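Keeping the supplied structure of chain Z fixed, place chain V upon it in accordance with the hints.
So you can see what is in the structure, the chains are spelled out below.
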Amino acid sequence: MPRPKYELQAESLREIGSLLLGFAPLETLIRSEKATSFDWLITSSLAVFGLILITVGIDLEAE
Amino acid sequence: MNDSVPAPNVSIDQPQLEWHPVAPYIPAPPHYPAVPAHPPLKTLLLAILLFLVTLCTCLVAGAHFAAAYAENEAVNFDEFLNALTLLYKHPFALISGLPFALTLLTILLVHELGHYFACRHHHIHSTYPYFIPFPSLIGTFGAFIMIRSPIRTRRALFDVGASGPLVGFIVAVPALLFGILHAKVVPGLADPNHVSAILGAPLILHGLAALFYPHTPVANILLHPVGRAAWVGLFATSLNLLPAAQLDGGHILRSLSPRLHRYFSIVVPFILIALAYFHFWAGWYVWGALLFIIRFFRFVPIFDPEPLNPARRLGAVISLAVFILCFMPSPFLG
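Order-wise, the sequence lines are chains Z and V. Counting from 1, one number per residue, gives the positions in the first sequence under my numbering. Counting from 1001, one number per residue, gives the positions in the second sequence under my numbering.
In case anyone wonders, no lab produced these hints; they're calculated from the structure. Please read all numbers here as calculations on a predicted model, not as lab measurements. Built from N, CA and C at the ideal position, the CB exists for glycine as well. Heads up, some of the hints might be wrong.
Cut-off 20 Å, straight-line C-alpha distance, at most; resulting in silico cross-link-like pairs (DMTMM-like, lysine to aspartate or glutamate) [to be verified]: (1) V:Lys1184 x V:Glu1071; (2) Z:Lys5 x Z:Glu15; (3) V:Lys1042 x Z:Glu7; (4) Z:Lys34 x V:Glu1071; (5) V:Lys1042 x Z:Glu63; (6) V:Lys1089 x V:Glu1079; (7) Z:Lys5 x Z:Glu61; (8) Z:Lys5 x Z:Glu63; (9) V:Lys1184 x V:Asp1304; (10) V:Lys1089 x Z:Glu27; (11) Z:Lys5 x V:Glu1079; (12) V:Lys1042 x Z:Glu11; (13) V:Lys1042 x Z:Glu61; (14) V:Lys1089 x V:Asp1078.
Quick list of simulated restraints, FRET-style, between CB atoms [claimed, not checked]: (15) V:Ser1257 x Z:Phe38: 34 to 42 Å; (16) Z:Tyr6 x V:Val1185: 53 to 61 Å; (17) V:Val1317 x Z:Leu19: 42 to 50 Å.
Some but not every residue of chain Z turned toward chain V, in silico, with C-beta under 10 Å [to be verified]: (18) Pro25; (19) Leu26; (20) Trp40; (21) Leu41; (22) Ile58; (23) Asp59; (24) Leu60; (25) Glu61.
Same shape as in the complex, but just chain Z (with noise of 0.2 Å):
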């Protein structure tokens, strides 16, 4: 029987985020010394693209 559309949205959204969030280096960010504020911006900006794309997921799939 076929998925919902909405859960295959939902769960593209969260493995999408995930994978946006696990490429955000932030570990290696707060422990390097030298981290530029290009480097803050550019893993930030995955991280929390990352983090909304889960919740959008997680809410979708909820709803």
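Relative to the frame of chain Z, chain V by itself:
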């Protein structure tokens, strides 16, 4: 001649229409048939979890701001990273971050609840406010709600868009006033040779600084952490009021003129990217790209010929004034 009036053709034995205690037909409200149910419990738990994590990251940021304020120093990325270790080394030391964290979270929460209750007032289905925690200098990347049913009238679009920033601004201004009344004047505070991050000042801060600290450069004023939280709140308000796409400012502009909204949604991303290109703040690259991308998301059309009433038009002018007062081309320098 028969003058008698013919008897009406009604028999008492004829079956009568049944009367229902609940009327079978109730005219629906003009656009929204029913009050949406509250979002599911699972999403409430998710919202609470994100709020608590954001409280932690804001406490770290607040502890750093409190330490900088106590030692008459500007904010510093390295010191902030040291403050992060307090989370597991000395969690109780984070209590010093409460004034900043509670003020900021209150501003963000009333902003989002403004949207939430405007949605409920207009029978629009929306999620609970979700906070975005992040271990950054300001502790969070704000909060958002998602609107799950189409907005069908200009009035509703305006109310949903304007309610958040206006309510947030009303809460942020007294906090900023408190912060500037308890501020310290520290000469050389914004010396780029000694400081890793210089925070910009919106127009409203320039005005208050000129009022309470005449002849003092605003860069030398070290705000109390409560005032710094208000600064973050005003920054978030200005970002939300950018007149483009699905941001609050975009909703307000679209409720006034869909045509102008389309035009601004194309122009504003390029303006932001130009600001980043000319070294005002590299973060504008991200915002420009984001607005450029969400421009391609589908808008549900509004078939509502009725223009906004004068009170809401006045609200739109006030929103524009709030945007001008809060916007900073260079929120972070260094």
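Checked hints:
1. Our distance criterion of 20 Å between C-alpha atoms is met by Lys1184 of chain V and Glu1071 of chain V, whose separation comes to about 11 Å.
2. Of the pairs offered as hints, the one joining Lys5 of chain Z and Glu15 of chain Z holds, with about 15 Å between alpha carbons and a cut-off of 20 Å not exceeded.
3. Only pairs whose Cα atoms come within 20 Å are accepted, and Lys1042 of chain V paired with Glu7 of chain Z is accepted, the gap being roughly 15 Å.
4. Between Lys34 of chain Z and Glu1071 of chain V, the direct Cα distance comes to roughly 25 Å. Violation of the 20 Å bound is thereby established for this hinted pair.
5. With a C-alpha separation of about 9 Å, the suggested pair Lys1042 of chain V and Glu63 of chain Z falls inside the 20 Å cut-off, and the hint holds.
6. Using a Cα cut-off of 20 Å, the hinted pair Lys1089 of chain V and Glu1079 of chain V holds, with the two alpha carbons roughly 15 Å apart.
7. Among the hinted pairs, Lys5 of chain Z with Glu61 of chain Z is consistent with the structure: their alpha-carbon atoms are about 10 Å apart, no more than 20 Å.
8. Restraint check: the Cα-Cα separation between Lys5 of chain Z and Glu63 of chain Z comes to about 13 Å, which is no more than 20 Å; the hinted pair holds.
9. Of the supplied pair hints, the one linking Lys1184 of chain V and Asp1304 of chain V is violated, its CA atoms being roughly 52 Å apart against a limit of 20 Å.
10. Pair hint Lys1089 of chain V plus Glu27 of chain Z holds up; C-alpha atoms about 17 Å apart against a cutoff of 20 Å.
11. Restraint check for Lys5 of chain Z and Glu1079 of chain V: not satisfied, since their Cα atoms lie roughly 47 Å apart, outside the 20 Å limit.
12. A hinted pair counts as satisfied when its Cα atoms are at most 20 Å apart, and Lys1042 of chain V with Glu11 of chain Z qualifies at roughly 16 Å.
13. With a C-alpha separation of about 10 Å, the suggested pair Lys1042 of chain V and Glu61 of chain Z falls inside the 20 Å cut-off, and the hint holds.
14. A hinted pair counts as satisfied when its Cα atoms are at most 20 Å apart, and Lys1089 of chain V with Asp1078 of chain V qualifies at roughly 17 Å.
15. The hinted range of 34 to 42 Å is satisfied by Ser1257 of chain V and Phe38 of chain Z, whose Cβ atoms lie roughly 37 Å apart.
16. With their beta carbons about 56 Å apart, Tyr6 of chain Z and Val1185 of chain V fall inside the hinted range of 53 to 61 Å.
17. Between Val1317 of chain V and Leu19 of chain Z the beta carbon distance is about 44 Å. The supplied range of 42 to 50 Å therefore holds.
18. Of the supplied interface hints, the one on Pro25 of chain Z is violated, with its beta-carbon coming no nearer than about 13 Å to a beta-carbon of chain V, more than 10 Å.
19. Of the supplied interface hints, the one on Leu26 of chain Z holds, with its beta-carbon coming within about 7 Å of a beta-carbon of chain V, less than 10 Å.
20. Taking 10 Å as the C-beta contact cut-off toward chain V, the hint placing Trp40 of chain Z at the interface holds, the least distance being around 7 Å.
21. Restraint check, Leu41 of chain Z versus chain V: the minimum CB separation of about 5 Å is within 10 Å; hint holds.
22. Hint on Ile58 of chain Z holds. Least Cβ distance to chain V is approximately 6 Å, under the 10 Å limit.
23. Given the 10 Å rule on beta carbons, the hint for Asp59 of chain Z holds: about 5 Å separates it from the nearest Cβ of chain V.
24. With a least beta-carbon distance of about 9 Å to chain V, the hint placing Leu60 of chain Z at the interface is held under the 10 Å criterion.
25. Because the smallest distance between the Cβ of Glu61 of chain Z and any Cβ of chain V comes to about 8 Å, under 10 Å, the interface hint for this residue holds.
Violated hints, listed in ascending order, are 4, 9, 11 and 18; each of the other numbered hints is respected by the structure.
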